[in-house]
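*Asks:* So the chains spell out like this:
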Amino acid sequence: VNGVVVYRCGACGEAVFPRLLLCGRCGGADWLEEETDEGVLEEVTTVAAADVRIGSVRSAAGPMLVARVEGGADAAETVRLRRGADGPVVAYRDSR
Amino acid sequence: MSDGPAAIVGAFERPYERRPADGVDTGSLLAEAFLGALSSAGLEPGDVDGLAVASFTLAPDSAIDLAWRLGLRLSWIAQSPLGGASGVDLLRQAVRAVEAGDATTVAILAGDRLGAAEFRRLADGYNRATREELAPLPFGGPNSLFSLLTQRHMRATGLDRSDYAQIPLAQRRWAAANPLAVYRSTLTLEDYLAAPPVAPPLCRFDCVPVVSGADALIVTAGGRGTGPAVRPVAFQAAYDVDLQQGDGLSTGFRPFADGPEPDLVYAYDDYPVMVLAQLADLGVIGDLERFLHEELPAGRAVNTSGGQLSAGQAGAAGGLHHLVEAVVQLLGRAGERQVENARSALVSGYGMVLYRYGACANACLLERA
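From first to last, the protein sequence lines stand for chains A and B. For the first sequence, my numbering begins at 1 and goes up steadily by one. For the second sequence, my numbering begins at 97 and goes up steadily by one.
Just so you know, the hints here were simulated from the structure itself, not pulled from any lab data. From the three backbone atoms N, C-alpha and C, an ideal C-beta is built for every residue, glycine too. Take the hints with a grain of salt, since some may be wrong.
To be verified - Covered stretches of chain B, going by a simulated chain A footprint (3 or more residues, C-beta under 8 Å):
1) 232-242
2) 284-296
To be verified - Some chain A residues near chain B, calculated using beta-carbon distances under 7 Å:
3) P18
4) G24
5) E43
6) I54
7) R68
8) G87
9) P88
10) S95
For reference, chain A alone in the conformation it holds in the complex (with noise of 0.2 Å):
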């Protein structure tokens, strides 16, 4: 299962999600792709119409990510990351 890609400044090593075309701390134009499969879920609400789960995830590379929320996870429970098939981030019960 492969993690989900941030893009890390080249120059001054600021992390950001979605990629940007300029660094906003150093403006840089260089971005690293680096994978991350970990992160904090910090708040997760459930979209009543559509029926999928929805939260905020601190990455262990550094920025937040919006992610569909899998496997009954909780708010402040330590999640991993991957790509759905279908394109999106999501982030589910580490049950290692």
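Knowing the structure of chain A, use the given hints to seat chain B on it.
*Replies:* Relative to chain A, chain B alone:
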């Protein structure tokens, strides 16, 4: 040549509707708002030489196509893509244009015809980040993002649902006296707490009803127009202040320079939490508990149209809605909901969720001339 300080001399809201008739489109809504605002100012279409427009659904047309379709010959034109912040943005631009002499009379128009399908397209295609990273979740529109933001606000402030409820409850009391509001029936705390969840903790009454409609203002100088006028006296704006890396609870607003408390307060109300965030940063709210449980129940003049939460959100018209209500109040034309002796108003705009929360906040102070 400039004709001196700019003033707002006309304001009009084309009634919002949940289900507009066939044949009503974004262009016809904007045209109705244009004529209504001109009429309120005692002016004719031929007096207008500046046009400012905000709309999500005008495409593929832009402001200049609208000018053509409205029969306007112009020396100045502007368009704002800033959604809930487009009204204050365009008012600031129009004031500068009139005071610089680039235009003598500017019509500011904002509106959309939004059905369920258009709204979904708008929500899922709002920007590149939304299209690529949020729509596929699927995130169900901005409600989920503002649920997450509200949870952060709850952690930071200790507020609970019955506290946030005070905003839609108070606004519904104003809406009862506004014939243009789409929801006017009494709303109780029990109704609120029992309402269907949308994205907990947000319920139906925390989310704006999607409607179709349009708003308009007329800005001019040199005493044009037949009635009293309202003068914009101060502006501020804060755009992308934290690059979406913060918690979304800080808007970037600062209190306006010391002066008397404005008689009327309007905060962009896409969600109750944002009313609190904006008014806290603007220095209007001292103590949250007192504001929610004493000042609002006592009838403090905040979002006196009922706001978007009761009157409805007609797309980009939401950015102009509170400005129109503020001007109508300051001109003494608010009927049953008229606030006595209102001479000054603070109006804020907010909007443009880039990825996690809105990136645009702007505000102005208005005074009766």
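*Asks:* Run every hint past the structure and note whether it holds.
*Replies:* So, going through the hints one by one against the coordinates:
1. Only residues whose beta carbon comes within less than 8 Å of a beta carbon in chain A count, and the stretch 232-242 of chain B has 8; three or more means the coverage holds.
2. Residues of the stretch 284-296 of chain B with a Cβ under 8 Å from some Cβ of chain A number 5, which satisfies the need for three, so the listed coverage holds.
3. Restraint check, A:P18 versus chain B: the minimum CB separation of about 5 Å is within 7 Å; hint holds.
4. For A:G24, the shortest C-beta to C-beta distance to chain B is roughly 4 Å, which falls under 7 Å, so the interface hint holds.
5. Because the beta carbon of A:E43 sits about 4 Å from the nearest beta carbon in chain B, less than 7 Å, this interface hint is met.
6. A cut of 7 Å between beta carbons decides the hint on A:I54: the least distance to chain B is about 4 Å, and the hint holds.
7. Evaluation of the A:R68 hint against chain B yields a held restraint, the C-beta minimum of about 5 Å falling below 7 Å.
8. Checking A:G87 against chain B by beta carbon gives a least distance of about 4 Å; that is within 7 Å, so the hint holds.
9. Interface hint status for A:P88: upheld, as the beta-carbon distance to the closest one in chain B is roughly 4 Å, under 7 Å.
10. The restraint placing A:S95 at the interface with chain B is violated, with a minimum CB-CB distance near 22 Å, outside the 7 Å limit.
The structure shown violates just one earlier hint, number 10.
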